[in-house]
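Chain residues, written in single-letter form:
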Amino acid sequence: MEDNKNRNKKDKSELFDILKNNVLNVKKETLQLHLLAPETRIASSLSCVEIFVVLFYGNILKYKPDDLQWEQRDRFIISKGHGAISLYPILADVGYFDRAELPKIGTKDSFLGGIPDPIIPGFETVNGSLGHGLGVACGIALGLRRKKCSESVFVLAGDGELSEGSVWEAVMFAGHNKLDNLVLIVDNNKIGMLDYCENINDLCPLVEKFKAFRWHAEEVDGHDIEKLYASLERLKNLRSSKPKMLVAQTIKGNGVSFLENDPLCHIRTLTKEEVSSAIKEIK
Amino acid sequence: MKTLKPTTMRDALIEQIYLGMKSDKKLFFVSADFGSPVLDKIRKEFSSNFINVGIAEQNLVNVVTGLALEGFVVYAYAIAPFLSMRAYEQIRTNLALLSQLKPVNVNLISVGAGISYDVSGPTHHCLEDIALMRLLPNIMVFSPSDWVLSEKFFKVTCDIAQPKYIRLDAKPLPAIYSLDEDIDFTKGFAKLKEGSDVCLISTGYMTHKALNIAEMSKKENINCSVIDIFMIKPLDLVALQKVLCKFKKIFVLEESFTGKGGLDSLVYNLIREANIVADVRAFGFKDEYVFELGSRTYLHEYCGLSDEVIMKAIKDTF
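Chains A and B, in that order, are what the protein sequence lines are. So the first sequence is residues 0 to 282, counted in numbering that gives the first Met the number 0. So the second sequence is residues 0 to 317, counted in numbering that gives the first Met the number 0.
Chain A extracted, bound-state conformation:
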């Protein structure tokens, strides 16, 4: 018994080391992709790297890169399309497409655009327009429940995106219909395009708002791999007749000092020198 416990602890600790290492690699690769395609949203893509890494490398999501319509896959809807460039290196690494596709980003030979579309293997829905992901995910969750499938639907949304009214139509719907196979992760990076979100539409306290709509809601440090892993693993398996949401407290432009805390970092395009300096900072 004790042995098993120790082994599990050791396995977990090895897993976390791998995840942390992957986070560093993905951030560096994302910066390199931004250099090749300067129209990509780098700051927004850096706040959700840990979320992507835990989902894809932490055995949270069930997926089969060689079978995109595999019925037993967990569905993952990336509603904040603009900030999902950091998923490209992960999808390539786990086998959705060849790594050689990455450097082609934004060119005529590529399917990797500034904003991802479902022409990219691994993306389920159209994501460029904000506020759609949660509602579509509600339909998927309802469909899975009707088919008596046990798979989960994960949605990644940005906090800026929560100003879209359609999000709240879906929040109401999911709570009322007890969609407990649905997990919404809010990448709460606190900055929109022009300003801090609290200066635009302050949604604080967000967790309480979701609880009022009959959701199970909690928050976590979105850059702490161990805690993020623990939350996502628990939420995935939780079935309590409530949809589940996790506010991942994140920093926009995480890991790059000159992006962090710049309220206009969303629209920053980094120069070659800035990318080099940013990559040096990632550790």
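Careful, some of the hints might be misleading.
With a straight-line Cα cutoff of 25 Å, these simulated DSS-like cross-link-like pairs (lysine-lysine) come out [claimed, not checked]: (1) A:63 <-> A:235; (2) B:25 <-> A:177; (3) B:101 <-> A:61; (4) B:154 <-> B:218; (5) A:147 <-> B:186; (6) A:11 <-> A:235; (7) A:271 <-> A:107; (8) A:147 <-> B:285; (9) A:282 <-> A:19; (10) A:146 <-> B:154; (11) B:101 <-> A:63; (12) A:147 <-> B:101; (13) B:232 <-> B:218; (14) A:147 <-> B:25; (15) A:146 <-> B:21; (16) B:285 <-> B:248; (17) B:24 <-> A:177; (18) B:245 <-> B:311; (19) B:241 <-> B:190; (20) B:101 <-> A:146; (21) B:190 <-> B:311; (22) B:43 <-> A:147; (23) A:147 <-> B:40; (24) A:177 <-> B:43; (25) A:146 <-> B:25; (26) A:146 <-> B:43; (27) B:101 <-> A:107; (28) B:218 <-> B:314.
In case anyone wonders, no lab produced these hints; they're calculated from the structure.
Position chain B against the provided structure of chain A, taking the given hints into account.
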């Protein structure tokens, strides 16, 4: 034995969906808090394949998209202006765009075409949807003139896995087609009357008017053909050109704004592309909303669309 009495297009279609649900568990009906007598049977007997999203058309379209991605044949049911315009961007993003890449069998049942909700006023009139929906790639646009077409369209909804906008009149209307008739939905139109002097082209409710005007014109020794366009998109334009090229006088009748992308624009484009030389005139609504109250017949009179006014316009071309 079904009698061909006036029936609503929605009840005719929903009855078929109800019958289909008895054997097909893939059919799913989603309403934006909008009902019909026949829908009550679905709500009662197939409650696990029915859901009411509430007065939330944006979420209606998003939820049905998700269901369709899970392989369901989905019917989304709401009032025409709100389904087509409140949720237009949801239709564009999740149906038009997505269905270019993946099969998405969503059938938008949009009730209240034209001014069929006459006394409810301009918020409930829908004079824009033909233009708006035919603008979007990958969406079929069905605009029946009677409940027989609407009933027969059920089979198309099951057979073709792509988004469809189904534009239905809200009022019970008499049958134009017969139940034993084979409808060519690929062709998308039917010639209901043969006459060589004038061609009346219409869709939806206006086809009833066109038939009436064709009768009136006989007394004036003018023979009118009546073409009912029930598939706005896709439509067999080559076949339609072949019909239209025989006419020198073409009248387009629709409960839509004219000159802004509706049926008249479709006909004008077709005629130009086919180099047909003809006098084409469009009868529909001018560029303003109708706040005037009254019956549909009165509103048509008020807006210069009475049978008599159209008849006179036809006569004046001779």
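Verification of the hints:
no. : hint            : in the structure
1   : A:63 <-> A:235  : 18 Å, holds
2   : B:25 <-> A:177  : 22 Å, holds
3   : B:101 <-> A:61  : 21 Å, holds
4   : B:154 <-> B:218 : 40 Å, violated
5   : A:147 <-> B:186 : 40 Å, violated
6   : A:11 <-> A:235  : 18 Å, holds
7   : A:271 <-> A:107 : 22 Å, holds
8   : A:147 <-> B:285 : 52 Å, violated
9   : A:282 <-> A:19  : 10 Å, holds
10  : A:146 <-> B:154 : 23 Å, holds
11  : B:101 <-> A:63  : 18 Å, holds
12  : A:147 <-> B:101 : 23 Å, holds
13  : B:232 <-> B:218 : 35 Å, violated
14  : A:147 <-> B:25  : 13 Å, holds
15  : A:146 <-> B:21  : 17 Å, holds
16  : B:285 <-> B:248 : 21 Å, holds
17  : B:24 <-> A:177  : 22 Å, holds
18  : B:245 <-> B:311 : 22 Å, holds
19  : B:241 <-> B:190 : 12 Å, holds
20  : B:101 <-> A:146 : 20 Å, holds
21  : B:190 <-> B:311 : 23 Å, holds
22  : B:43 <-> A:147  : 21 Å, holds
23  : A:147 <-> B:40  : 24 Å, holds
24  : A:177 <-> B:43  : 21 Å, holds
25  : A:146 <-> B:25  : 9 Å, holds
26  : A:146 <-> B:43  : 20 Å, holds
27  : B:101 <-> A:107 : 22 Å, holds
28  : B:218 <-> B:314 : 11 Å, holds
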